[in-house]
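Build the complex from these two chains, which are given one at a time in their own frames, with help from the hints.
Chains A and B, in that order, give the protein sequences.
Here the first sequence is numbered in the numbering used here, starting from 1 and rising by one per residue.
Here the second sequence is numbered in the numbering used here, starting from 1 and rising by one per residue.
FYI, nobody ran anything at the bench for these hints, they're computed from the structure.
The structure presented is a predicted model; accordingly, all values stated were derived computationally and were not measured.
Glycine included, every Cβ here is placed at the ideal spot set by N, Cα and C.
Accuracy of the hints is not assured; some may be wrong.
Coverage of chain A stretches by chain B, computed from C-beta distances (three or more under 8 Å per stretch; other residues unrestricted) [to be verified]: (1) 29-35; (2) 161-167; (3) 173-179.
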Amino acid sequence: MQHDDVIWDLIGNKQFCSYKVKTKSQNFCRNEYNVTGLCNRSSCPLANSQYATIREEKGQCFLYMKVIERAAFPAKMWEKVKLSKNYEKALEQIDENLIYWPRFIRHKCKQRFTKITQYLIRMRKLVLKRQRKLVPLSRKVEQREKRKEEKALIAAQLDNAIEKELLERLKQGTYGDIYNFPVHAFDRALEQQDEEEESESEGEEEEEEEEEEDDEDVGKREFVAEEDVEESDLSDFEDMNKLKTSSDEEEEEDEEEVSSEEEEEEEEEMEVETKASRSKGKSPANGSAARKKRAYVEIEYEQETEPASKSRTT
Amino acid sequence: MDIKEVPVTQTDSKGKKKKNKKTKKKTAEDAESSGVEQKEEKMEKSESAEAAFPPTFSVSEIKNKQRRHLMFMKLKQEKRKQKMQLKKKKKKEREALGDKAPPKEVPKTIENQRVYDETIVDPEDEEVAFDEGTDEFSAYFNGLTNPKVLITTSDRPRGRTVRFCEQLATVIPNAHVYYRRGLALKRVIPQCVARNFTYLMVINEDRKIPNGMVLCHLPDGPTAHFKISSVRLRKELKRRGKDPTEHSPEVILNNFSTRLGHSIGRLLAALFPQDPQFVGRQVATFHNQRDFIFFRFHRYIFKNEKKVGIQELGPRFTLKLRSLQKGTFDSKFGEYEWVLKRHEMDACRRKFQL
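This is chain B alone, in the form it adopts within the complex (with noise of 0.2 Å):
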């Protein structure tokens, strides 16, 4: 053990310590007479210096885990009290130039960091307006249908799945759920639509939760496909009101900023009818962050013109898309617009999609 030290403890002659611990250091000239050991380095230990690390090294070449894992921690606390000591030096700086003190600096945040994507669309892109004039949710936006939407689930539900289709009917106005009976989708989608459904809601169940969710806009529209998680049904929720009444709520959609995520943000948008009664004071909400979307059901009150209060009514939950597909559920043949690809996802932490 001794011997195999000596070719790093070489480069570190200046010196770990380690207070009240043995250390079997040797320096440059101990190394040469290798018989000597601790005696030399306990006198060695009070005469060199307090550390000093030497450019060239790293915690990481210790072999014994015990003393790596303690250098690392006294590198931490080194590192912290430099950090502090900065910290108060500015603020004394700040406090001593009054008024004249340079602008707070703004703390990055993954959003502000976020890296550009060149689909981000412009307010005033006429491509894009053109493009949602006369796409599939064009007819809605218009005016021209009403949504019907049809929730089911996958085989076999639980009680929760079932009880989160029932909770989402209430919150989603001409909603009506139906029992699956293990029919194919591709069988049920012609039914539909000639029954007048805009929307075919599917919530997939595994282990007795829901967590998947295909949305499909029924006479031929897109296909999506979400993950769901951290779903909460209403009695899980602390503080809410009552029972959402029947009034249409209004949509609040925040953050969809790329070509992706408006045509998703359509999507979801055209699950409600288009004129909101405002005598309900009721608001659902998709908010839209770091390609997570966050469904929240409200009953909102203006207290007065600068303060409103908010109660959370509703279930919620939340979603990540998965892919996107043309034309309605074919997963074969079908035409994907957008996958989630896993490693594209990783890759970069400030790259986001929708």
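Okay, chain A solo, but in the shape it has when bound (with noise of 0.2 Å):
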């Protein structure tokens, strides 16, 4: 005999029910014939003998149903029927079946269902829009690769291509007129820095710039860094600020050149000769002629503001 009551009394307080789910707020049931989901009185599909629910096998519904008849036959209890995909249909045949059931039941079912219905929409909409597809990463296989980057890096030695790369485009004229090194063959021959500081003091007063350049050199105080990128990079910015200013520079030294010299013109001077010396700027037609200019008037100045140019740079 099936007394609803007595299993109720056991599992649903006093003992234990392995389908069910305690929460802090709520009890659940984890039955797969539970209509609601809940674990309750009404609810319980072990302590109704008369129950109905509504299940779905593969985008298919069927409507699962169960009476006190078959109690005995645990194997043919749950008598399934196929429902049309067509949702009013459907609620017609869940009312036909279950009609003269319980209120309960027949609500609940019609609303599984719909919720049902509704999760099988969502899933074919969500098929068409753009998937997400996870691609697993092997650990193994992303550490050799970064090793490998590193090595791969280091090997490059990027800044001197780069700067290779540039010389090169340089040397065959892409740059054409823009930059006015002098491309002698005489220059090309020589490869270090001081035989072209001195082929530079050929074509001026020789002896004016070695003495200038000595004195220079004294006072000066000059920041040299441990790298040579450092040094290039460091260079840059002042090239660049000076290169940006030098016309200004020049514009205001030949004014002042006619009137009267004071400290800090000279400076400027030194500087910009400085500037040129290291290198053959843009405009070096500009320059040397005012250098030329400047060195010959520098000379009868130079012995007075030695001193005053080491003051000034302590």
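Written as structure tokens, this is what we have:
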């Protein structure tokens, strides 16, 4: 005999039910034939001999019914009815099969059926949309690639390669006439920068240049970096600043040379000179002309300003 | 334990020695009389020769981990010492000979030892020249089209990716960044073509960092899928310059030697306009080394004709080609020209594809 009340009395409250999941606020039922999913007296499929559910298999919904007459045949206990794919027709089918059944079960079955159809529709929509494909990464392989990349980076020597390529392009003349480096065979043969400075000074008055250079170096403070790269970068900055303001400096000097000379101007002149001697700047024509003039004038005042320059830098 | 060691140590009769450790070695004699062990061994220690390893001996045969480790370290030290001695000898010989010394040997590098790839392009190859004259980039290289790049991301990009895209847009002239609102790429592509875009670049994101790039040349050009690694945004670069200006940069492509490398090189070069503005003094470099493409963006200045200074602006990242597909982006039905196969890569260390 089926004693629903006794069964519920036991599994509901007093003793253990393996389908029951307890949380702080509510109890859930994990039985797959449960209509609502909660653990209640009216929703428990074990404690109700007349019960019905909706279950879904591969997109198809079925109505399962259990009656007390078949309680003795567990293999044939659940009667399975296939519901139509049309929503309204399926609802009518449910009504028709569960006629004369308690209101609660009918209502809950229809609710469950609605929910199931909704999620099936959503599934079908999602498949049409873009799907994210997850590609598993093997950690070993990723680590290996990372190491290879680091080694390749070291082997690449990027800065050197880029500089070489740029110099190649300069030699081949892809830049046209933008940079006025005098490309003489004589210059090409010389490899060291000292020799280049000498060739520059040959074009002008040697003695003055040498004297000035010597005296320039005496008081001048120069910051030297450890690595070549830094040096080039730093001097880059200086160069770029100077190049931008070089035209201004030259203008000032030209004006002030005529009037009188002060310490500051000479400082600037010396700076411009060092820059010019270091790099064949963008406008050597102007520079050399100005330099020639300035060189001639400077000889007179050089000794006077020497100590002044020292004090300035300190 | 002792009994088990017998077959091992019989072959090593000449002796491995441990100076400060108890050795449970047995000589051939002792093996037969199994009872007597440690005392005799200690006596044997002082008698037997020092570290002469017989040819059949290998460190891996010692079962005890600690001892094996110590023996291995010793072996290494020995080898190192021999190497140093050899070096010293060679150096002496070289100095003694002076000018007549044989030229220094070139050290072997992976690039030197690279396995010969038959697809390495000969600069005068006519077939290659013909192919390149008629492929999808010929229009660009003949000056007919100007590049226009659309940069976008995968869904819901995080801050880092967004900033990376913005910086890329400053580096590549005529580039536009668009927010991806969950659109399918296949639908985006016809719209791009209609608006005269030449390139579609999609930066894929995973765990808040960009890690992949799909570069699609638009009027049905090839699609390349890259893996991005080590992205450095502008503010993470040390000693960097100011922001890049609007001038078109020059492009440097290094080491793209095979046919595949050539097509990738052209693909990357066509991102930038054909005539660079030298006034800007900016250069974008794609350097291929061992199948990793390093991207750098610099500003250069010629100090004199022998020296150039470069200053890094702009983001830097590394690309690794994963697949090259003919036609626009179509992962299911597209025809793949080349796909990275993991095992092929690992088989030979000196074999590269690009």
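Fill in: Violations among the numbered hints, reported as their numbers in ascending order
Number 1 only.
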